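J.: Here are the chains, one letter per residue:
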Amino acid sequence: MAVYILRRITWAIVASLIVLSLTFLLLYFTPDTQLTELQFQAAQAGNDPERVGEAYERYHGLDQPIHVQYLEFMTNMVSLNWGWSETRSQPVTTALVEAIPYSMMYAVPSILLSTILGIGIGLYSATHQYTRGDYAATAFAFFGLSIPDFWFAIVLLVVFGGMLGWVPILFDTSVATVSYANVTQLLLPVTVLTLTSVASLMRYSRAEALEYVEAAFVKTAKAKGVSDRRILYRHIFRPASVPLATILVGDLVGIIFVASYLIEVVFGIPGLGTLSYRAIVNQDTALVVGTVLVPTFLTIIGNLVQDIAYTVLDPRIDYGDR
Amino acid sequence: MTQDDPLLTVENLHTSFHTDDGTVNAVDGVDFTVRRGETVCLVGESGSGKTVACESITQLFKRPPGEITAGSIVFDGIELTNCSERELTDIRGARISHVFQNPQNALNPVYTIGWQLLEAIELHQDVSRAAARAEAVELLDRVGISEASDRLEAYPHELSGGMKQRVMIAMALACQPDLLIADEPTTALDVTIQAQILRLLKDLQAEYGIGILFVTHDLGVVAEIADRVVVLYAGKVMERGTVYDVFETPCHPYTRALLDCLPGRGSLGGIPGSLPDPMAPPAGCRFHDRCPDAVPDCSTGDQPAFESVVGEDHEVSCLHYRTAAEPTVLESGVEPRRPSERTDGGDTHD
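Protein chains in written order, with our numbering: chain A, 1 to 322; chain B, 1001 to 1350.
Hint data in this document are derived by calculation from the structure and do not stem from the laboratory.
Watch out, some of these pointers could steer you wrong.
[As the list claims (entries may be wrong)] Some chain A residues near chain B, calculated using beta-carbon distances under 10 Å:
# : residue
1 : Tyr-130
2 : Asp-134
3 : Thr-138
4 : Lys-222
5 : Val-226
6 : Asp-228
7 : Leu-232
8 : Arg-234
9 : Pro-239
Because the structure is a prediction, the values reported are computed rather than measured.
Beta carbons are placed, not taken as given, at the ideal position from N, Cα and C, and that holds for glycine.
Construct the entire structure; sequences and hints are all you get.
T.: Pasting the structure below:
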């Protein structure tokens, strides 16, 4: 077991290094917007753009051979020196550290809520297949899956923020994290994100649990005199939790990766999504790299956690030669 | 209660499944009894209602769509069809336990053998963990699993099919039930393991005096283990009696056709035709359209009433069994021993 976990961790590190190397290559071959800008300014001021370019390259070490640049890039990345954000005039890591809490504020409650609701409703649907409750849950799931989250977010803002005035339309960063005002302004983002992710999770857990509702070992449990409730928790949910663990990780990464862009831009939350969006629009390369690497590493860590969770959850998975 | 009072009496049992296409009467008026210490075999083709009949006893089938629509099931003085789910849960595993057909899927893959055995013990007995553990080891030992205390930590996928079925039997015996319902417990196992499991069941029955309701389509197994036989076809009982009478003087053409299918009896083709549509069973005798001896009367009215024939409690539901009966089965190689002559029967049946 220890060997297996060690091997998984090694793989995670290797995967991270590959990601970083690819990032380096992409950056190496990408024209530097900063340099172009400087050269343009130099030309306007009547200076020699060539000389400015050389000075810039020397200053940033771009005149070094590729392997030297590569080593320096990797060293900087590993030591969390992720560069300077020109548009924000602060280190990239500082910008990230400032933005991440705002993403967490709505992502964490939303992940917790959608996990609990999704699995709960899914299990209910599976054990009450083809009843009214199941049909209602299915209808709800289709609603959640088909509605575009950014559109839904705008509609909610118009209705509850504009027409009813129950929640603020603009996100206010000055309020305390734990305060009524913060809860009200997070209410809509959490609702939108939960609705869209609970739907898929619910369908997955319904399908997974259904596989076991009719399983022979569930009948064995019933024949042993196990109560329906205990059958649901111990004999259906427990084996179903193995594949669900994968979906949970995917769900979590998906929320941070994709949904955050739309949600944060619509609600004006200064989180990772907005930061990344602004960085892309303003061509702040270092910041773009930083905001993309965070979810990438989250994915790698998520997969590592999932691999380890597998061995704990499913005894049939061999820790041997893989 | 004396030895001869029935432990389980099933009368006029009707179990139906409500589907989108209509109602299937899987069990359509079945009667049988099981006494303490005896083995009753339910015999019939796939789809004849054997499994539904025995899952009706503690209502293990899925409800809905399944439902017991009529009949009575009296177990040790308790009318099971009137019991609440809660009362049934208390009876399942404690007084009536089950062993199923396919041991490969019958154990939960994510728990150890020990966990599953302890669950069976602790559900119905107020014992300490240590005592339950000791009991689990003893049970595994009793069903012939070596190094029992180490095996408690094993997961189902680490055991062979035969071993898993032994674990299932150990689990079924955990609370010393009065009745064991074994639904084709040997069908998924290879022949030598089958013989071992049958012998184990017989030994355990002799030891604890439990009644066994044994479902099978394998008449070789019936000859091996049964005291009495109930022949089912399309949800109805065709014939019932002691194993000796049914094998020696089979009265229903269906019983004879089944016996003819035994290896060494010449008829490798099986029984021509197939089971009637369960949504629309034919009038008259359920078997008439496949029956070699059918006469026009067979296809009208209801299933014929039972008539007693020679032998103890030997009854048949056939209009013309007398004229059709020929004692040709005596020539078969699977002649059962008379009860007094029956020995351990551990030898295989082929």
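J.: Each of the hints needs a verdict: does it hold here or not?
T.: A quick look at each hint next to the structure:
With a cut of 10 Å, the hint placing Tyr-130(A) at the interface with chain B holds, because the nearest CB-to-CB distance is about 9 Å. Interface hint at Asp-134(A): violated, since its Cβ lies 13 Å from the closest Cβ of chain B, which is beyond the 10 Å cut-off. Look at Thr-138(A): its Cβ only gets to about 17 Å from chain B, farther than 10 Å, so that hint breaks. At about 6 Å, the closest approach between the beta carbon of Lys-222(A) and any beta carbon in chain B falls short of 10 Å, and the interface hint on this residue holds.
Because the smallest distance between the Cβ of Val-226(A) and any Cβ of chain B comes to about 6 Å, under 10 Å, the interface hint for this residue holds. For the restraint placing Asp-228(A) at the interface with chain B, the shortest Cβ-Cβ distance is roughly 8 Å, inside the 10 Å limit, so the hint holds. The restraint placing Leu-232(A) at the interface with chain B is violated, with a minimum CB-CB distance near 13 Å, outside the 10 Å limit. Below 10 Å, beta-carbon pairs count as interface contacts, and Arg-234(A) has one with chain B at about 8 Å; its hint therefore holds.
Of the supplied interface hints, the one on Pro-239(A) holds, with its beta-carbon coming within about 5 Å of a beta-carbon of chain B, less than 10 Å.
The earlier numbered hints that this structure contradicts are 2, 3 and 7.
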